[in-house]
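Chemist: Protein sequences, first through last, are from chains A, B and C. Be aware that the first sequence starts at 1286, since it is given in the working numbering, and climbs by one per residue. Be aware that the second sequence starts at 1286, since it is given in the working numbering, and climbs by one per residue. Be aware that the third sequence starts at 1286, since it is given in the working numbering, and climbs by one per residue.
No lab work stands behind these hints, which were simulated from the structure alone. Bear in mind the structure is a predicted one, so any value in this text is a computation, not a measurement. Be careful, since some hints might not be right.
[As the list claims (entries may be wrong)] Beta-carbon label-pair distances, calculated as ranges:
hint : chain 1 : residue 1 : chain 2 : residue 2 : range
1    : A       : ASN1425   : B       : GLY1302   : 16 to 26 Å
2    : A       : TYR1413   : B       : GLU1315   : 24 to 34 Å
3    : C       : LYS1311   : A       : TYR1413   : 41 to 51 Å
4    : C       : MET1365   : A       : GLY1351   : 37 to 47 Å
5    : B       : ILE1314   : C       : ARG1289   : 41 to 51 Å
6    : C       : ARG1383   : A       : GLU1343   : 37 to 47 Å
Heads up, the beta-carbon is just placed ideally off N, CA and C, and yes, glycines get one too.
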Amino acid sequence: MEYRRFGDKYIVRLERGDEIIESIKKLAIEEKIRLGRVTGIGAVNRAKFGLFKMEEKEYYSKEFEGDMEIINLSGNISEMNGEVYIHLHIALGDDSLRVIGGHLNYAYISATGEIIIDLIEGRVDRKYSDEIGINLLDLNK
Amino acid sequence: MEYRRFGDKYIVRLERGDEIIESIKKLAIEEKIRLGRVTGIGAVNRAKFGLFKMEEKEYYSKEFEGDMEIINLSGNISEMNGEVYIHLHIALGDDSLRVIGGHLNYAYISATGEIIIDLIEGRVDRKYSDEIGINLLDLNK
Amino acid sequence: MEYRRFGDKYIVRLERGDEIIESIKKLAIEEKIRLGRVTGIGAVNRAKFGLFKMEEKEYYSKEFEGDMEIINLSGNISEMNGEVYIHLHIALGDDSLRVIGGHLNYAYISATGEIIIDLIEGRVDRKYSDEIGINLLDLNK
């Protein structure tokens, strides 16, 4: 991973083998980013992502392998229990050019990852919701 | 819906049952946002979206139900006839992890909606185009 | 194409027949944008996009025709050999409402294109990588 800050934005290049969530978490810790937006494109060769099933309150996730373009990476950086929290959704396209996607567990870069992070001044925490079953943004503090 | 402004950005948390377009419209009215960009992720359980057919000059839209991740929500806030105008496209993934999407009519949040709005200083109007059949951005004023 | 600058953002309206990459390149040259992020929605009726195959170090691309919504357009503006370099990925939906997408070669607007460009102060170059087979962002300069 290489990155550089330009004003309130970080331009990030992920390299072959970099895992996306780990890399962004590392950057956020190094740069003390507490709140941000993540957008990006690139290509991966292994990724796990899924769907949250409301009734079971569980993620149904699946791993995919092979050359896949990152059609779109979207999400945010916040905090939970004083630690960096990365929440990303991903859309991937394989050689059928059909798009698959979901809540991202992990994804390994093949060719490159071109990520842009908006640094937002402020802090937003998360709190686990028993009712919903996931960690929700907490904007009341 | 909960939201908070940080500089030129709003962090928005939509709650179970919130309709996305209505919620963003309400926020834009309350906060007097005349121009903005909308990005987001989350999960819905009912959504209608479609494709504009150029020849018929009509939207072909369909409603979907069930647990669906918002893979990506993209669009903008502008004005038309002095009122807030929300234009959004959505990409959704179900438990097949395949992605469907289109021009958004409505979508109801199931687990959460995590929206980031860029407040843009300025105003852009829309005007109906007889030739195209939709409301186009009007950047000439 | 019509566009207008608002602070660090450009609101762009592409018109029927405009090709997306050419149009953004033209705008970047006219406005001397050396670094930026591109996001957008809209509709096209002809587009070519594909997947980079790592082993062959070649893009496998295909052209599609017919009414298609731009579910999401994502990418960036950088430089290579002193010239503007546009790198975009696209997600499109047809009347099946299923989404296809990949690395964008070209796309022709049918109804409209609503693009927002973030102007980023700074410069980022690209360099061809023999190892990977594509032009990578070079953040070391």
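Chemist: Take the hints in turn and mark each one as holding or not.
Modeler: Structure-based check of each hint:
{"no.": "1", "hint": "ASN1425/A - GLY1302/B: 16 to 26 Å", "result": "holds, 19 Å"}
{"no.": "2", "hint": "TYR1413/A - GLU1315/B: 24 to 34 Å", "result": "holds, 29 Å"}
{"no.": "3", "hint": "LYS1311/C - TYR1413/A: 41 to 51 Å", "result": "holds, 49 Å"}
{"no.": "4", "hint": "MET1365/C - GLY1351/A: 37 to 47 Å", "result": "violated, 28 Å"}
{"no.": "5", "hint": "ILE1314/B - ARG1289/C: 41 to 51 Å", "result": "violated, 23 Å"}
{"no.": "6", "hint": "ARG1383/C - GLU1343/A: 37 to 47 Å", "result": "violated, 26 Å"}
Violated hints, listed in ascending order, are 4, 5, 6; each of the other numbered hints is respected by the structure.
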